[in-house]
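If you're matching them up, the sequences are chains A and B in order.
Each residue of the first sequence is one higher than the last, beginning at 1 in the numbering used here.
Each residue of the second sequence is one higher than the last, beginning at 1 in the numbering used here.
Some clues are possibly wrong.
What the hints assert, rightly or not - Here are some, though not all, of the chain A residues that point toward chain B, as calculated from beta-carbon distances under 10 Å:
no., residue
1, A84
2, V85
3, P95
4, Y180
5, A240
6, P243
7, A247
8, I275
9, G340
10, S401
11, L476
12, A617
13, R652
In case anyone wonders, no lab produced these hints; they're calculated from the structure.
Glycine included, C-beta positions come from ideal geometry on N, C-alpha and C.
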Amino acid sequence: MFGKLTWDAIPWSQPIPLVAGSVVVLTILAILAWVVLKGYLPYLWREWITSVDHKRIGVMYTLLGMVMLLRGFIDAIMMRSQQAVAFRAAGYLPPEHYDQIFSAHGTIMIFFAAMPIIIGLMNFAVPLQLGVRDVAFPTLNSTSFWLTATGALLVNISLVVGEFARTGWLVYPPLSELPYSPGVGVDYYLWALLISGVGTLMTGINFVTTILKIRAPGMSYLRMTVFCWTALASNLLIIAAFPILTATLGMLALDRYLGFHFFGNEAGGNMMMFINLIWVWGHPEVYILALPAFGIYSEVISTFSGKPLFNYRSMVAATMAICLISFLVWMHHFFTMGAGADVNAFFGITTSIIAVPTGVKIYNWLFTMYGGRVRFTTPMLWSMGFLVTFVIGGMTGVLLSVPPADFLLHNSLFLVAHFHNVIIAAVIFAAFAGVTYWFPKAFGFKLDEGWGKAAFWLSLLGFYVVFMPLYVAGLLGMTRRLQHYEVAAWRPWVLIAGVGILIMIAAAGCQVVQFVVSIRRRDELRDETGDPWDGRSLEWATASPPPPFNFAVLPNVQGEEPYWEIKRRAMEAQQMSAEPRYEPIEMPRNSPTGFITAFFCTMTGFALIWHIWWMVALGIVAAYAVFVWFAWRDVTEYSIPAEEVARFDRARRQARERWLAQHAGQPA
Amino acid sequence: MKAQAMQAALAGTVKQLPDSRSSGVRRLLQRHTLPCRMSAVLIAFLSVSGCSGGVLDAQGPIGAAGAKILLNALGIMLVIVVPTIIAILAFGWWFRASNMRARYRPDFVYSGGVELVVWGIPILTILFLGGVIWIGSHDLDPFKPISSPDKPTEVQVVSLDWKWLFIYPEEGVASVNELVVPAGVPVHFSLTSASVMNMFFVPQLGSMIATMNGMVTQLHLAADKSGEFYGQSAQYSGGGFSDMNFTVRAVPKDAFAQWVATARQSGSALDRTSYLALCQQSSNVRPFTFRSVDANLFNAVVNQQLPPCPGPNIERAGATGSPRPER
Chain A
1 MFGKLTWDAI PWSQPIPLVA GSVVVLTILA ILAWVVLKGY LPYLWREWIT
51 SVDHKRIGVM YTLLGMVMLL RGFIDAIMMR SQQAVAFRAA GYLPPEHYDQ
101 IFSAHGTIMI FFAAMPIIIG LMNFAVPLQL GVRDVAFPTL NSTSFWLTAT
151 GALLVNISLV VGEFARTGWL VYPPLSELPY SPGVGVDYYL WALLISGVGT
201 LMTGINFVTT ILKIRAPGMS YLRMTVFCWT ALASNLLIIA AFPILTATLG
251 MLALDRYLGF HFFGNEAGGN MMMFINLIWV WGHPEVYILA LPAFGIYSEV
301 ISTFSGKPLF NYRSMVAATM AICLISFLVW MHHFFTMGAG ADVNAFFGIT
351 TSIIAVPTGV KIYNWLFTMY GGRVRFTTPM LWSMGFLVTF VIGGMTGVLL
401 SVPPADFLLH NSLFLVAHFH NVIIAAVIFA AFAGVTYWFP KAFGFKLDEG
451 WGKAAFWLSL LGFYVVFMPL YVAGLLGMTR RLQHYEVAAW RPWVLIAGVG
501 ILIMIAAAGC QVVQFVVSIR RRDELRDETG DPWDGRSLEW ATASPPPPFN
551 FAVLPNVQGE EPYWEIKRRA MEAQQMSAEP RYEPIEMPRN SPTGFITAFF
601 CTMTGFALIW HIWWMVALGI VAAYAVFVWF AWRDVTEYSI PAEEVARFDR
651 ARRQARERWL AQHAGQPA
Chain B
1 MKAQAMQAAL AGTVKQLPDS RSSGVRRLLQ RHTLPCRMSA VLIAFLSVSG
51 CSGGVLDAQG PIGAAGAKIL LNALGIMLVI VVPTIIAILA FGWWFRASNM
101 RARYRPDFVY SGGVELVVWG IPILTILFLG GVIWIGSHDL DPFKPISSPD
151 KPTEVQVVSL DWKWLFIYPE EGVASVNELV VPAGVPVHFS LTSASVMNMF
201 FVPQLGSMIA TMNGMVTQLH LAADKSGEFY GQSAQYSGGG FSDMNFTVRA
251 VPKDAFAQWV ATARQSGSAL DRTSYLALCQ QSSNVRPFTF RSVDANLFNA
301 VVNQQLPPCP GPNIERAGAT GSPRPER
């Protein structure tokens, strides 16, 4: 009846996962109870769960990412503390648990923390910056989000029911094959990523269509913000790379479920095939995350330097160059697998070539600050921290691209330090910069600067104290994924990294406090104008938070920085442009399709993991039925009357006029 | 005082780089005093790690060449990276909004000259580094034999579940978790795995290489002089991975011959039956030797005439013990 699932699947005998799992379950139940008792459920269902509004979906993506970032961070704390006490000792985490933690840490951080935050910020900002009302396929967008949430849910269920993979975050065969990993851990990994991968692919299709096909009048390609360009590049990479991930993991699933032999030791299977394929996805994935992050920095640095981005076209060219070259470097992840010198040298050189457009970007940001008036707000501090830190990470990356150097450092803590150096500096700092930057747009009030700055300085310090010692430990020969170790020379560095994680905990605390304090003080931090940072692109041209339709009248774009232009003209004339003629606006109706589909996909995934075949069939049939039901719908849109549009826009114009009066006489 | 120590550390480290390119790096570092001081800190940092058994404390030609290329590439990049970091901090600080002496130039958004420099300098650097990569990859290809008057010692390596088997086909002996090699003589390794993927790595001797079932990889290393080095697996391979390390003992040639002679007289024979017993998972296995080895054993593993071993299985992980054969 329930396949492999029995009461033994719950780790009764292991206190750490049991307690952690119970706390998570109880927290979720408490939140659900609070929502139901307070009567928020209908509101949540109507305004958020079934919402197809790109802004709401963006907020939900980002929230999911932030919660998972915390979960991944707890894994990191456990790993660092285990290594700190595991010198010639067993530590407090036995290998079978520790190995799950580092596998889950990587999986969660990349797929369910970094990806949702980046996709969330793209969801929120790209349609606003393009000056349009929504993405190309709003209901698909909602489905993408809920499928990503499905993946995150499955990974977290593994904490309480069964186990997670003990194979590392990229489940290299043959270790991940059935003979060596007979448990459900790898199956959790596979189905979580196969299901959320479909969601990510649909996001890619959605955003490429949106950026190529739906832009405000006059918004030509070379008038788009660099963030939109990087979003385009990133989503092109998603379309090209995610099918490879799905196919690769699909083949591994066939190996495990139906006795195929793609990657195992037997019957001519070849693990090198898997390792090549997974990195053909894996390296572009790095840029899927990093490119939109570069876009965020471009927006932030330009805004807070009070200047347009330096060498905009060069920036666009560099973005697209990275997009292309990122597909030609995958083999640098396994120089030590025994390929010949020609192959290694080729991929070493292509890898170092990526440093060229990336370097160009650094210098363009540098010269954006040159001659500017730099305001050190929290987002700008994250950007400065990124610039300095990322240069170091880039340098160690180029070091690792030299095959003979990689032969000494591959899979060492030097490598671990390198990729945390680039991913934390590029993606995580960008996530915080982007969240702080767009938060007032999304919610109508700014985040508290004091706590934000404290979080930044502690994160920066914590980062250096954790990862600089790991570089040294790597040079001393310490490899990654060690549950305990015997070499005395490594110990001081591991201990310093352990101290660093304490600083990081303080930083994470400041982040949480920042949100709590800001929500409590929201009336003081309120932004009436819709333009709290003196912004330059179109998202600042509408109110904060923007109405469902984003813009009362679609802006007519006449240059590279449309909103700056509008502001300049208004200040010169000391008055706003004439009131436009308002018309009714058609908007897509909310739909529970995404949520219900994801519900049945969760069911299917869970049933596949535990071999509950009747539930698999039920889940697939039901998910398909939801799709058919959605395809047969009659009414797809609703109309917002012109009066309501006018009422909203007049309120915004009044706020802007007050602002204009206050700033009268200042040079534009 | 502190600066002197750093300068000394810098001079010491640079002195260890005996090729012409490194003297160029040294000149570059000396010309720029501020970058010089920063890189002195960094190199002092590196030299801390260079004297305690890591990859920078190389004890053989391959390790030394790899460490040299690593430091050269680092030097090449520091020349750009250090000024860039300084410029980021300096530009940000000088152009802060409250600094009234800084000129506000909101129209400075394009400059052909800057464009040329920011594309040109990275391209030139990467051209130079690309040469280093191409030459280095060919010189230090793990499959490439080390030129030496001595005939290389042959060692066949099989990564087992959580221990290492070293077969000396010419001497007809084998050893578990201890690799004894003659100092000053190149060693030619042929490597495979009994089950899952591992990676053979002796940090002080240089290059690591993967071991995979059904396949052979090759590696050439040498130790300059006698000594004991730490070896390990660099590829996570299941629950007992953390204990999958071994000792490398480089000994004088006559001591090696003596070790072989002793090994031949003690221990049991390694044939297919005892191999299948040995390859059951176990960790923390104390080193021991086999007095003789089935001459075809390694090929049988590689060609899968011997099936892949049962491999790591966490469900059985509790039941680990020394597989040392009873005598």
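Hint check results:
no.: 1; hint: A84; verdict: violated, 15 Å
no.: 2; hint: V85; verdict: violated, 14 Å
no.: 3; hint: P95; verdict: holds, 4 Å
no.: 4; hint: Y180; verdict: holds, 4 Å
no.: 5; hint: A240; verdict: violated, 25 Å
no.: 6; hint: P243; verdict: violated, 26 Å
no.: 7; hint: A247; verdict: violated, 21 Å
no.: 8; hint: I275; verdict: holds, 9 Å
no.: 9; hint: G340; verdict: holds, 7 Å
no.: 10; hint: S401; verdict: holds, 7 Å
no.: 11; hint: L476; verdict: holds, 4 Å
no.: 12; hint: A617; verdict: violated, 29 Å
no.: 13; hint: R652; verdict: violated, 26 Å
Taken one by one, the earlier hints fail for this structure at numbers 1, 2, 5, 6, 7, 12 and 13, listed in ascending order.
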